[in-house]
Amino acid sequence: MGQEAPKDKGALSVIIGNETCKLKKAEGETGMRKTAVLGIFLAGTGLLAACSSGEEGEAQAWLEEDWEAINAEADGSDVRMFMWGGDDGLNQYMDEYVIPAVEQEHNIDLERVPIDTEESLQRLLTEKEAGEQEGTMDILWLNGENFRAAKENELLLGSFTEKLPRFNEYIDADSPETTLDFGTPTEGMESPLGKVQFTFIYDTEKIDQPPDTWEELRQWAEDNPGEFTYPEATDFTGNAFLRQLLYDQYGNDAAFASEAFDEEALEENTEPMWDYLNELEGSLWREGQTYPASVEELDRLYSRGEVSMTMGYNEARAESLIRDGTFPETTDTFMLDSGSIGNTHFLTMPFNAGNPAGAMVVMDFLLSPEAQIEKMNPDGWGESSVLDPELLTEEDRRAMEAVDRGASVPSQEELDNAYLPELDADYVGWLEEKWNNEVVQP
Amino acid sequence: MKHKVIIGVFLLIFSVLPLLLLLLQSIAPGWGWGELFPSAVSVQAWQTALGDPALREAVAVTIMVILFVAAGNVILGVPAAKMLAYKHFRGKLWLDNLLFLPILIPMTAVAMGIHFTFIRAGLADTWLGTALVLFIPTLPYTIRVLRAGFERLGPESEEQAKSLGSTTLQALMFVQLPQIMPSLRSAVFLTVVITAGQYILPVIIGGGTVPMLSLLYFPYSNSANEAVVSALSLLFALLPLVVILLAEMVMRLVFAAAHRR
Numbered sequence: 001m002g003q004e005a006p007k008d009k010g011a012l013s014v015i016i017g018n019e020t021c022k023l024k025k026a027e028g029e030t031g032m033r034k035t036a037v038l039g040i041f042l043a044g045t046g047l048l049a050a051c052s053s054g055e056e057g058e059a060q061a062w063l064e065e066d067w068e069a070i071n072a073e074a075d076g077s078d079v080r081m082f083m084w085g086g087d088d089g090l091n092q093y094m095d096e097y098v099i100p101a102v103e104q105e106h107n108i109d110l111e112r113v114p115i116d117t118e119e120s121l122q123r124l125l126t127e128k129e130a131g132e133q134e135g136t137m138d139i140l141w142l143n144g145e146n147f148r149a150a151k152e153n154e155l156l157l158g159s160f161t162e163k164l165p166r167f168n169e170y171i172d173a174d175s176p177e178t179t180l181d182f183g184t185p186t187e188g189m190e191s192p193l194g195k196v197q198f199t200f201i202y203d204t205e206k207i208d209q210p211p212d213t214w215e216e217l218r219q220w221a222e223d224n225p226g227e228f229t230y231p232e233a234t235d236f237t238g239n240a241f242l243r244q245l246l247y248d249q250y251g252n253d254a255a256f257a258s259e260a261f262d263e264e265a266l267e268e269n270t271e272p273m274w275d276y277l278n279e280l281e282g283s284l285w286r287e288g289q290t291y292p293a294s295v296e297e298l299d300r301l302y303s304r305g306e307v308s309m310t311m312g313y314n315e316a317r318a319e320s321l322i323r324d325g326t327f328p329e330t331t332d333t334f335m336l337d338s339g340s341i342g343n344t345h346f347l348t349m350p351f352n353a354g355n356p357a358g359a360m361v362v363m364d365f366l367l368s369p370e371a372q373i374e375k376m377n378p379d380g381w382g383e384s385s386v387l388d389p390e391l392l393t394e395e396d397r398r399a400m401e402a403v404d405r406g407a408s409v410p411s412q413e414e415l416d417n418a419y420l421p422e423l424d425a426d427y428v429g430w431l432e433e434k435w436n437n438e439v440v441q442p
Numbered sequence: 001m002k003h004k005v006i007i008g009v010f011l012l013i014f015s016v017l018p019l020l021l022l023l024l025q026s027i028a029p030g031w032g033w034g035e036l037f038p039s040a041v042s043v044q045a046w047q048t049a050l051g052d053p054a055l056r057e058a059v060a061v062t063i064m065v066i067l068f069v070a071a072g073n074v075i076l077g078v079p080a081a082k083m084l085a086y087k088h089f090r091g092k093l094w095l096d097n098l099l100f101l102p103i104l105i106p107m108t109a110v111a112m113g114i115h116f117t118f119i120r121a122g123l124a125d126t127w128l129g130t131a132l133v134l135f136i137p138t139l140p141y142t143i144r145v146l147r148a149g150f151e152r153l154g155p156e157s158e159e160q161a162k163s164l165g166s167t168t169l170q171a172l173m174f175v176q177l178p179q180i181m182p183s184l185r186s187a188v189f190l191t192v193v194i195t196a197g198q199y200i201l202p203v204i205i206g207g208g209t210v211p212m213l214s215l216l217y218f219p220y221s222n223s224a225n226e227a228v229v230s231a232l233s234l235l236f237a238l239l240p241l242v243v244i245l246l247a248e249m250v251m252r253l254v255f256a257a258a259h260r261r
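Chain order of the listed sequences is A and B.
The C-terminal position of the first sequence is numbered 442 in full-length UniProt numbering, with every residue numbered one higher than the one before it.
The C-terminal position of the second sequence is numbered 261 in full-length UniProt numbering, with every residue numbered one higher than the one before it.
Covered stretches of chain B (in silico footprint by chain A; criterion: 3 or more residues with CB under 8 Å from a CB of chain A, positions within the stretch not fixed):
no.: 1; region: 118-130
no.: 2; region: 196-204
no.: 3; region: 208-217
If you are wondering where the hints come from, they were derived from the structure by calculation, not from laboratory data.
Because the structure is a prediction, the values reported are computed rather than measured.
All C-beta atoms in this analysis are idealised placements derived from N, C-alpha and C, irrespective of residue type, glycine included.
Input sequences plus hints: build the corresponding full structure.
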């Protein structure tokens with residue numbers, strides 16, 4: 001998954017973990033004997049103490065402190081940031097810019113720990129059960145399904161963004177890009193880091209004029225059999241491709257995102273979408289008998305020239321791959337006229353963060369215009385800024401506009417015009433299942 | 001002669017060629033489909049792989065953990081294997097199956113419970129805890145392999161050594177172990193390779209604070225940049241080789257010292 005924020009698998013185990021806690025809570029209301037038996041059983045494993053110990057830890061106390069005290073505490077401390085580490089650009093941005101900068105400006109020793117977000121959540125869940133109040137994780141990178149699972153399981157420290165001076169200064173706190181994370185209200189529990197939009201990537205040498213509509217895309221695929229495919233619905237990007245198509249069933253109306261997830265209505269209204277995909281299948285790579293399991297596999301097919309298009313949930317993802325020679329130099333990016341869904345990814349603190357003060361100072365630093373402008377540098381991460389240009393100083397705004405993100409990245413204006421808010425996380429699972437039934441099975 | 005040719009061909013197809021391909025891929029980014037030769041050569045992937053500042057520490061920690069696990073496997077595995085090979089007692093079949101069980105149960109299912117226990121014991125997030133948990137996927141194999149070695153050897157050599165006045169330990173060190181060297185070597189080899197390749201256990205128990213090499217490598221395996229993946233794969237393959245050489249040296253030294261006495 002290119003650079004498009006943490007993945008969202010593994011929610012199942014997280015939910016199972018939640019059940020045990022629910023079980024425990026319900027238990028207090030049942031009869032004495034039952035409680036005793038269960039109690040002995042649970043005490044043996046230590047679950048009893050863990051689930052009921054909801055008392056506020058030391059970490060929460062830092063949410064009440066003022067910024068000066070937080071800054072003083074952060075000075076000279078260590079901060080551990082857990083983030084998925086499979087992207088060179090992202091790693092480079094962290095290792096070569098952020099880590100030295102926070103060391104210099106705040107005397108903080110920041111360490112990047114490259115672990116998948118699901119694994120991190122799994123660990124947090126066990127730590128919560130075991131009553132571990134002093135965790136190793138200070139900052140966690142996440143969004144979407146993972147955020148929802150973390151929030152529902154009370155794995156997060158709490159609402160903190162209004163503490164961050166730069167959040168208050170530069171972020172449009174009322175914009176749905178900030179208040180909603182795949183439909184889940186953020187409630188100040190996570191601070192934005194970056195945002196990305198869905199785009200298609202193609203080779204200009206093989207395609208003169210990229211398609212503008214879904215119909216043109218299908219026509220092009222039909223005329224060039226075997227040169228197009230998309231990742232499976234279980235893949236982050238493959239699912240985004242399907243959500244993009246789903247939006248089209250609803251006239252690409254941004255209001256669709258704020259509608260509640262209604263499975264019955266979906267079943268009724270999405271018939272044309274599945275017909276479209278089934279019709280498309282015959283023209284796909286290997287005639288649709290198999291789909292790439294991940295967007296990286298699709299990328300490899302593209303970089304070897306087997307297919308002429310790939311895609312990515314990050315408008316700048318082609319740029320770094322072109323620069324390091326993975327993608328041909330004739331690679332460019334396009335969006336359909338119908339729009340491009342986008343999402344924001346965030347940083348948060350777990351309930352047992354060992355150094356919340358240091359974590360908040362680092363997250364505040366990452367919202368500085370300097371850090372956000374550096375993040376746009378295509379030789380590093382090349383990712384879009386989350387700051388509201390209206391709130392920036394004249395000087396910073398010019399500096400931001402002056403960044404050359406690379407020829408393959410659509411202009412900010414194009415991106416803003418095409419922007420469609422991301423759908424509720426419930427759609428992800430529904431599309432996975434439905435795609436399997438409608439497209440793979442028959 | 002004919003055998004040697006067949007073995008040679010197999011070696012070439014299944015080990016030399018894939019390694020060579022990895023090496024080529026690591027220095028030729030964007031080697032396109034249908035191109036006979038790569039269009040460009042660059043060492044950038046190696047710079048990315050070797051430039052990761054965590055790499056040096058990860059290599060050191062990984063070697064330490066692997067050696068610890070390998071030594072512990074031999075120390076725990078030899079008595080267990082010997083007893084299973086020579087002694088007959090009630091419930092032996094049960095014990096045998098019980099010792100093999102850790103391999104059959106999915107590791108992710110066990111990891112959460114162990115993590116829970118280790119947090120309570122203060123072993124979570126420490127290198128010792130990580131090393132201890134890595135006995136689970138390795139010790140069953142070690143016992144199996146060593147047991148087969150002891151069974152082939154038979155109990156007679158120990159009896160003979162004892163009749164000549166040696167203690168059980170002396171018989172083990174001077175008579176039995178030198179004779180089951182091939183089994184010992186296989187056991188160490190398996191332990192090293194399995195330990196190096198573990199991802200979930202070090203992630204869950206070590207929590208990223210114990211930087212094993214697999215933690216650095218696995219996230220990259222998902223990257224679209226095949227060159228970096230290839231470079232890291234080669235490094236990753238090299239490490240067990242180095243450790244096995246180290247282990248071999250240690251074993252030889254131990255036996256040589258034992259002989260001199």
